[in-house]
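In order, the protein sequences belong to chains Z and L.
All residue numbers for the first sequence refer to the working numbering, where the first residue is 216 and numbers rise by one.
All residue numbers for the second sequence refer to the working numbering, where the first residue is 216 and numbers rise by one.
Source of the hints: derived by calculation from the structure; they are not laboratory data.
Heads up, a few of these hints could be off.
Each pair may be met inside one copy or between any two copies, as identical chains are not told apart.
Said to hold, decoys possible - DSS-like mimics (lysine-lysine), calculated; alpha carbons at most 30 Å apart, straight line:
| id | residue 1 | residue 2 |
| --- | --- | --- |
| 1 | Lys522 | Lys616 |
| 2 | Lys291 | Lys322 |
| 3 | Lys312 | Lys437 |
| 4 | Lys242 | Lys437 |
| 5 | Lys437 | Lys472 |
| 6 | Lys572 | Lys610 |
| 7 | Lys455 | Lys610 |
| 8 | Lys242 | Lys231 |
| 9 | Lys614 | Lys219 |
| 10 | Lys616 | Lys229 |
| 11 | Lys262 | Lys430 |
| 12 | Lys317 | Lys291 |
| 13 | Lys217 | Lys616 |
| 14 | Lys317 | Lys455 |
| 15 | Lys614 | Lys217 |
| 16 | Lys317 | Lys544 |
| 17 | Lys312 | Lys322 |
| 18 | Lys472 | Lys614 |
| 19 | Lys572 | Lys455 |
| 20 | Lys366 | Lys614 |
| 21 | Lys229 | Lys291 |
Protein chains: 2
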Amino acid sequence: MKNKLHFNATLNGKAKEVFASLQEEEKTIGYYALPEQDISAVTEYCKTISSEVETIAVIGIGGSSLGAKAVYEFLKPVESLSREVYFFESTDPINIKSLLAKIDVTKTHFLVISKSGTTVETFAIYKYILSLQSDATSYTFITDPGSALEKYAQDIHANVLHLPDNVGGRFSVLSVVGLVPLALCGIDIQALLNGANTIKKSFFEHGYLHDILLKKSLFYAKNHAQYHINCIFAYSESLKYFCEWYVQLWGESLGKKQRSSAFNVGLTPIGLIGPKDQHSFLQLIMEGTRDKSVTFIQVEDFEDEIKIPNTTLPHLESLDTLNNLAFSKLINMQCNSVIEALLEEENIPLDSIIIPKIDAQNIGSLIFYYELLTSLVGELIDINTYDQPGVEAAKIILKKKLTSI
Amino acid sequence: MKNKLHFNATLNGKAKEVFASLQEEEKTIGYYALPEQDISAVTEYCKTISSEVETIAVIGIGGSSLGAKAVYEFLKPVESLSREVYFFESTDPINIKSLLAKIDVTKTHFLVISKSGTTVETFAIYKYILSLQSDATSYTFITDPGSALEKYAQDIHANVLHLPDNVGGRFSVLSVVGLVPLALCGIDIQALLNGANTIKKSFFEHGYLHDILLKKSLFYAKNHAQYHINCIFAYSESLKYFCEWYVQLWGESLGKKQRSSAFNVGLTPIGLIGPKDQHSFLQLIMEGTRDKSVTFIQVEDFEDEIKIPNTTLPHLESLDTLNNLAFSKLINMQCNSVIEALLEEENIPLDSIIIPKIDAQNIGSLIFYYELLTSLVGELIDINTYDQPGVEAAKIILKKKLTSI
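With the rest of the complex left out, here is chain Z (with noise of 0.2 Å):
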């Protein structure tokens, strides 16, 4: 993975202080450390599940689904998996019963992840499903160490996996709330794992992505009352749900109150893929309000060969530029096209991340980079990352409704 930034950061006294910071945070943060988790209970677990499994339904919502979604999608059209896997995270009806038409529940593997255990979308699904389904073998919970429903998955004697209690949702994918549904269809977790190591050795043991790490944080953080939208302009489809995974962690790890000064703060995500939002958002970024950064994501090889044909169509021979053309070429062309006109711009801070390919050790790259990046910004603009206080208001106003029905 390369990573240029095009906008110019400098290192200043903070970066020391910042650096030392997430060191410090790797004692207690659990996410820190499960990139060189071994990762032979998960194989073995999922050993146990039953060959005429075809499909596994992942009952989640928010940490416990986005992330999986996001490693899953990007790698499912390039590779053969042994089962596909499906989401379940809406309580909208007409969803759940799009989504049953397409399972069939007796060769499903259902997986409930809730941290809490207690999460209402969850086990509102999971309820409807239990009366489709009432196997307890075909259920593994995966939820917080000695949480209730730890204990009634114990009553029923269904299997039970813990997501370390530091690594909070939104920071599980590469512990078993991601691994275990990825691995039962095929993906590599530990080429996932090592693409993740490489960044963390990076940054932790002073390689290249140390210093543009912290250079890009420091701007971030610097000038976040400015460009306080950031935007991922990722140059394959396949990328689309990581950009979901994206708004997740950056939106609910830095919008908070600041520690110090209670004062609201925060950086606004927005996914994009190209070209399609090349005829949709990209003109709001030329020509709207200087508001937004973007970071520009590209495939250097898509392993695919499929070409623009050698075809000269009548009165529309200005095309012919188009013929011979690789779409693996082309798309990257106007990447670059794109990236070359937001300079000539002012006010417009550019970076641009370039994978090898589409496998998983490079998705695992890109998930670890913004870890880490969201760690540094939201150390730096002085804001605790890792809870979600603002999200508790609406689910005790629910409680009420439902208690008082």
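With chain Z's structure known, arrange chain L on it following the hints.
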């Protein structure tokens, strides 16, 4: 459709002025007339497509695909459609191949949609697909009258339909651009237009939406420097692609240099889906910078009665409050809980839209509501709502790159 504003908005002298401007625009900007068009030509054309055609494929990008996709994906889960529709809207080779794997090109009718007639992405894909299916009767071309594409289509004796040239791409969903693919899969396009017309009449003929749309646009425009991020938070998975359509409409229309000052202004659209994004973006709305307005969209009746069964899970008895509740009721309770929680906060302008149910008429209403709102805000912040000069620079650079290969 009901729309309730939860912020203080008043009608000032500008209201009459902007209403008069829109009445003036109606004479030259084509989209205003679309709800009242005669659809018999479209219906007749659709009858010419063989009943052996099982699949419709739209080859188009941006305004040529987002609108039809929004309507199709909204209705697909609840209506028995006669054909499936696929959208080729990317030069990503992995995406092109994945889509082609889903269709039988011999049983597919392709709609090649390009307003200008020379969109690079559309022709790259068209040339490729032409190499797989060379029969001209498998294609219909939709373009501006007199474009080079029209001449090409005539040369090969293929069908051509015209997009009225005073209808911009992102305002074209209710023209042939959207109507043809939607009619070909059996969607009731007259109902779609009727839904749009209801909104048009309510606004122009001083119905209940007249004041609401004026108040809302005046508030958005007056406070655009503070509340420059405008979120839709839709509690229906089926509105996911409506949100993507909204992002293009809002972002590409309202991110501009001001006419009088040449100053960069812009309103940033964000599409969210509940309850999923309660576990993602909500934290940022609740505790982040006060730069966001939020419009909740709810479906009053999902016309689906699946319920959470009356099941008690040992150790999880607190979740019994969910028992016997219909999912359609739960999802709306969740939405209302979030609205109530946000109303407790200061400086988060909210409004809520409720549509009675999921059908063609209601999505037509939503579309026209947002088109009118966009026109109003654009006029009030002193920009040209209908052009997109900012996307040209990248196109020119790409053209240079293509000719210098």
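* Identical-chain pair category, Lys317 with Lys455, by Cα at 30 Å -> This pair counts as both: shortest intra-copy Cα distance 22 Å, inter-copy 19 Å.
* Within, between, both or neither, where Lys242 and Lys437 count as close if Cα-Cα is 30 Å or less -> Close inside one copy (26 Å), not across copies (49 Å); limit 30 Å.
* Using 30 Å as the alpha-carbon threshold, which applies to Lys522 and Lys616: within, between, both, or neither? -> The answer is between: 17 Å across copies meets 30 Å, while 57 Å in one copy does not.
* **Alpha-carbon proximity context of Lys317 and Lys291, limit 30 Å** => both (17 Å within a copy, 14 Å between copies)
* Asked: How would you label the pair Lys312, Lys322 (within, between, both, or neither) given a Cα cut-off of 30 Å?
  -> Close inside one copy (17 Å) and across copies (28 Å); limit 30 Å.
* Homomeric proximity label, Lys317 with Lys544: Cα distance no greater than 30 Å -> For Lys317 and Lys544, only the inter-copy Cα distance (24 Å) is at most 30 Å; the intra-copy one is 35 Å.
* For Lys229 vs Lys291, is the C-alpha pair at or below 30 Å within one copy, between two copies, both, or neither? -> neither (41 Å within a copy, 53 Å between copies)
* Pop the pair Lys455 and Lys610 into one bin, within, between, both or neither, using alpha-carbon distances up to 30 Å. => both (28 Å within a copy, 23 Å between copies)
* Copy assignment of Lys572 with Lys610, given that the CA separation must stay at most 30 Å -> For Lys572 and Lys610, only the inter-copy Cα distance (26 Å) is at most 30 Å; the intra-copy one is 41 Å.
* Alpha-carbon proximity context of Lys616 and Lys229, limit 30 Å -> neither (47 Å within a copy, 41 Å between copies)
* **Intra/inter-copy verdict for Lys366 and Lys614 if alpha-carbon distance must be at most 30 Å** => Within one copy only: 22 Å inside a chain, 63 Å across chains, cut-off 30 Å.
* Asked: Are the CA atoms of Lys242 and Lys231 at most 30 Å apart within a copy, between copies, both, or neither?
  -> within (18 Å within a copy, 63 Å between copies)
In summary, the structure is inconsistent with hints 3, 10, 11, 21 from the numbered list given earlier, while agreeing with the others.
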